[in-house]
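**Q** Chains as they are written, first to last, in this note's numbering: chain E, 32 to 697; chain U, 494 to 642.
Simulated from the structure, these hints should not be mistaken for lab results.
Quick caveat, the model's predicted, so the values are computed rather than measured.
Note that beta-carbon positions come from the ideal geometry of N, C-alpha and C, so glycine has one too.
Don't take every hint at face value.
Derived lysine to any residue pairs resembling SDA-like cross-links, with alpha carbons at most 20 Å apart [stated by the list, open to error]: (1) E:K413 <-> U:E591; (2) E:K543 <-> E:A423; (3) E:K413 <-> U:S554.
Now the stretches of chain E that chain U is said to cover, found in silico as 3 or more residues with beta-carbon under 8 Å [claimed, not checked]: (4) 371 to 377; (5) 412 to 422; (6) 610 to 617; (7) 630 to 636.
Short derived list, chain U residues pointing at chain E, Cβ under 10 Å [claimed, not checked]: (8) K499; (9) L526; (10) F529; (11) K544; (12) V596; (13) E630.
Spelled out from the first residue to the last, the chains are:
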Amino acid sequence: MVPEIGQFALILALLLALAQGVLPIVGAARANSAWVSVARPAAQGQFVFVAIAFGCLAWSFANNDFSVLNVATNSNSQLPLQYRIAATWGSHEGSLLLWVLMLGAWTVAVTVFSRHLPEEMVARVVGVMGLVSVGFLLFLLLTSNPFERLFPAAPDGRDLNPLLQDPGMVIHPPMLYMGYVGFSVAFAFAIAALLGGRLDATWARWSRPWTTLAWCFLTLGIMLGSWWAYYELGWGGWWFWDPVENASFMPWLFGTALIHSLAVTEKRGSFKSWTVLLAICAFSLSLLGTFLVRSGVLTSVHAFATDPKRGIFILAFLTVVIGGSLALFAWRAPRVGLGGKFEPVSRESMLLANNVLLVAAAGSVLLGTLYPLFLDALKLGKISVGPPYFDAVFVPLMTPAVFLMGVGPLARWKEASLPEIAVRLKWALGVSLLTALLLPFVMGRWTPLVAFGLLLGAWIIATSAVALKYRLSRHDGNNLWARLRAQPRSYYGMLLAHCGVAVFIIGVTLVKGYETERDVRMAVGDSVTVGSYAFRFDGVQEVSGPNYGGARGTIDVSRGGRHVKVLHPEKRVYHVQQMPMTEAAIDTGIFGDLYVSLGEPVSGGAWSVRVYHKPFVTWIWGGCIIMALGGLLALCDRRYRVSVRRSEAIVTAGGKKGAGASGAAA
Amino acid sequence: MKPRHKRIAIIAAGLGVLALASALVLNAFRSNLVFFFSPSQVMANEAPRGKAFRIGGLVESGSVKRADDGLTVRFRVTDTAHTVVVVYTGILPDLFREGKGVVAQGRLEADGVFAATEVLAKHDENYMPPDAAHAIEQAQKAQKSVVTQ
Chain E
32 MVPEIGQFAL
42 ILALLLALAQ
52 GVLPIVGAAR
62 ANSAWVSVAR
72 PAAQGQFVFV
82 AIAFGCLAWS
92 FANNDFSVLN
102 VATNSNSQLP
112 LQYRIAATWG
122 SHEGSLLLWV
132 LMLGAWTVAV
142 TVFSRHLPEE
152 MVARVVGVMG
162 LVSVGFLLFL
172 LLTSNPFERL
182 FPAAPDGRDL
192 NPLLQDPGMV
202 IHPPMLYMGY
212 VGFSVAFAFA
222 IAALLGGRLD
232 ATWARWSRPW
242 TTLAWCFLTL
252 GIMLGSWWAY
262 YELGWGGWWF
272 WDPVENASFM
282 PWLFGTALIH
292 SLAVTEKRGS
302 FKSWTVLLAI
312 CAFSLSLLGT
322 FLVRSGVLTS
332 VHAFATDPKR
342 GIFILAFLTV
352 VIGGSLALFA
362 WRAPRVGLGG
372 KFEPVSRESM
382 LLANNVLLVA
392 AAGSVLLGTL
402 YPLFLDALKL
412 GKISVGPPYF
422 DAVFVPLMTP
432 AVFLMGVGPL
442 ARWKEASLPE
452 IAVRLKWALG
462 VSLLTALLLP
472 FVMGRWTPLV
482 AFGLLLGAWI
492 IATSAVALKY
502 RLSRHDGNNL
512 WARLRAQPRS
522 YYGMLLAHCG
532 VAVFIIGVTL
542 VKGYETERDV
552 RMAVGDSVTV
562 GSYAFRFDGV
572 QEVSGPNYGG
582 ARGTIDVSRG
592 GRHVKVLHPE
602 KRVYHVQQMP
612 MTEAAIDTGI
622 FGDLYVSLGE
632 PVSGGAWSVR
642 VYHKPFVTWI
652 WGGCIIMALG
662 GLLALCDRRY
672 RVSVRRSEAI
682 VTAGGKKGAG
692 ASGAAA
Chain U
494 MKPRHKRIAI
504 IAAGLGVLAL
514 ASALVLNAFR
524 SNLVFFFSPS
534 QVMANEAPRG
544 KAFRIGGLVE
554 SGSVKRADDG
564 LTVRFRVTDT
574 AHTVVVVYTG
584 ILPDLFREGK
594 GVVAQGRLEA
604 DGVFAATEVL
614 AKHDENYMPP
624 DAAHAIEQAQ
634 KAQKSVVTQ
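All chains should be built: construct the whole structure from the sequences, respecting the hints.
**A** See the structure below:
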């Protein structure tokens, strides 16, 4: 009964989404306020029904209803409850339902937090998001129905893929989807601007917080995926330039370009068409990312095993969205107009350079990811593009961008003076060079690549400090604390996010420069030295869990004769799928990780063991978290909330239309 | 005409950066492409020698042999028509098993053995790397056409 309720709820949601998508947009074009006002209730109603459907699926999983095909394929009665619930989004169908649920949630959020926007703009934004929902709901109902029944019902399920039975894997898709779906808000704002023919600084101020929030989630989602791969896959790697990883990274790059471009549009009214184009591309890449992993064309540890026939629907959907929005852009962009002029040396030009570099980097990643697929589709052979390509291309493109990260905040809008900036940054450059030259010796060896990476990281931190100092010095006279409090949160957000990038770069540099790895055969009592640590193998015992059995090793770690820790890597076999899995044992620390994983048993009661020392590897994910925190800080800036209050005052004084004008005043 | 000159300068600079980036990208691209060959193609000498490439198919049942040091393993990869011997030093991925799909990247040695630097195995019960599946499909098609002749 419950799955059928879920199915009906999805159909009702589709009908509401159709109303939400069509009526408000047509109503806005024809100034039909009755149709325009359909937007908010339709969106809220659609969300309710999608939530009901999602709840029905989750209920089926929690209650082991194996007459639902999805539950039978992805769950098992021995699976712990939290993973049964997580299995709701562990499959293709379920994760799409999660996507639609999140789209509904973001739409409702837009309807709630947009009281100060003009009604026809809200109508268009909600309408566009409704059309995207229509696409996804159609895809779900026509090709990927999560509520399909299985008769006769299976006695038990096939169990969730053991790789997904993990807290990191549970939270990674929701975070990632929050980011992907969040870019649909930026996309909807861009399309709304094109449809309305009006794009000004206030438009940028409205879309900025939404875009930044989506970017924060995407950053966290990618970081979680990388961290999960590190501790779960057992190989100690954290980024493989795998097509699915690239599929999430490209929208991130475009999203970063977008948040910087929006800054210019808000402050100076320039870059308008470019910002709209970036918003369209960021969302298109999000869609591409969502669907690439489901199309069946990828050889990857990530790829969902799925029916390539769905690819046709996906292709049609992508064509409609991307082709349609680009066509709309080509048609309406000239209406949007140009913005303020700026000199070749100015903050605008530096942000433009930043955008060009980010887009070029994303383009090269796209080439490396899609080229093999195109060749294969044209039957021209099967190739793969390895990580060395991406490393060779990405680093040189990002280096100038990192350099600009230091110079940009010090440059003035419209016209900046290079000599003045150079004078201010002398000290920062000196400190960075010194760090790059001396720090590697502290770590052990000096190599050019390590020095280069440290130079970039130190440059960002030093220039941020200099920028803050000069900014504070402008408010002379007040005490330090008052001056610190006078700076807007968005400024601190920027500094924090940039420092997050620095922490990330330093982490990557130190790990790649100084990590040590050994694959060894160890008999009981054998010891191996990695870095300055000694690892002694103390044997293996049998263990069993709720739905698995396996071997648990004991490794004693010591350094300089002193005992540090005992690690317990495991090799499990999950009963239902008969699938072996490695659970690495990791001792995490700020200054480095000790990582041990079991290989397999070899002759003589010994085991093959993989031992790593990874210095500063946590800085990689710490840097990403700091970046996301910076973004969060920036979007909590008072100016996104003051305009609400001011426009509320004007509304009570005289009429709804006044609310739009006050946005410009604030 | 100063504004126009400035605009031209900006556009020229942008194009210059893009040209440089493109050159960089294409160069790195060409030297990092890895081609895929099936065992039949390798036996027909279609695969390059001394250059890295990928080979895929099924792990032939009963062919997995581990050396005494515990870390070097030899096995045969087959597409049901031909087989190639692969040797790999290191820990194999969890899902590597006889009779299941595998893709290996490495070089073909002078003695016809494929020295793998990387071994990828499937990641769940139903998944077969498309490349490996394709190789097997091609081989079966070839065999069928021989039989009907």
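**Q** Work down the list of hints and note, for each, if the structure agrees.
**A** Against the structure, the hints come out as follows:
1. Straight-line distance between C-alpha atoms of E:K413 and U:E591 comes to about 24 Å, which puts the hinted pair past the 20 Å bound.
2. The hinted pair formed by E:K543 and E:A423 meets the criterion: a straight-line CA distance of about 15 Å does not exceed 20 Å.
3. Between E:K413 and U:S554 the alpha-carbon distance is near 26 Å, which puts this suggested pair outside the 20 Å criterion.
4. For the region 371 to 377 of chain E, the stated coverage by chain U is satisfied: 3 residues place a CB nearer than 8 Å to a CB of that chain, which reaches the threshold of 3.
5. Counting residues of the region 412 to 422 of chain E whose C-beta sits closer than 8 Å to any C-beta of chain U gives 8, which meets the bar of three, so the coverage hint holds.
6. Requiring three or more residues with a Cβ within less than 8 Å of a Cβ of chain U, the coverage given for the region 610 to 617 of chain E holds, as 4 such residues are present.
7. A count of 4 residues in the region 630 to 636 of chain E with a Cβ less than 8 Å from any Cβ of chain U is obtained; the coverage claim is therefore met, three being the minimum.
8. Look at U:K499: its Cβ gets to within about 6 Å of chain E, closer than 10 Å, so that hint holds up.
9. At a threshold of 10 Å, the smallest CB-CB gap from U:L526 to chain E is about 5 Å, leaving the interface hint in force.
10. Checking U:F529 against chain E by beta carbon gives a least distance of about 4 Å; that is within 10 Å, so the hint holds.
11. For U:K544, the interface hint is violated, since its Cβ never comes within 10 Å of a Cβ in chain E; the closest pair sits about 12 Å apart.
12. Checking U:V596 against chain E: minimum C-beta separation of about 7 Å stays under 10 Å; hint holds.
13. A hinted interface residue such as U:E630 counts as satisfied when its beta carbon comes closer than 10 Å to some beta carbon of chain E; here the least separation is about 12 Å, so the hint is violated.
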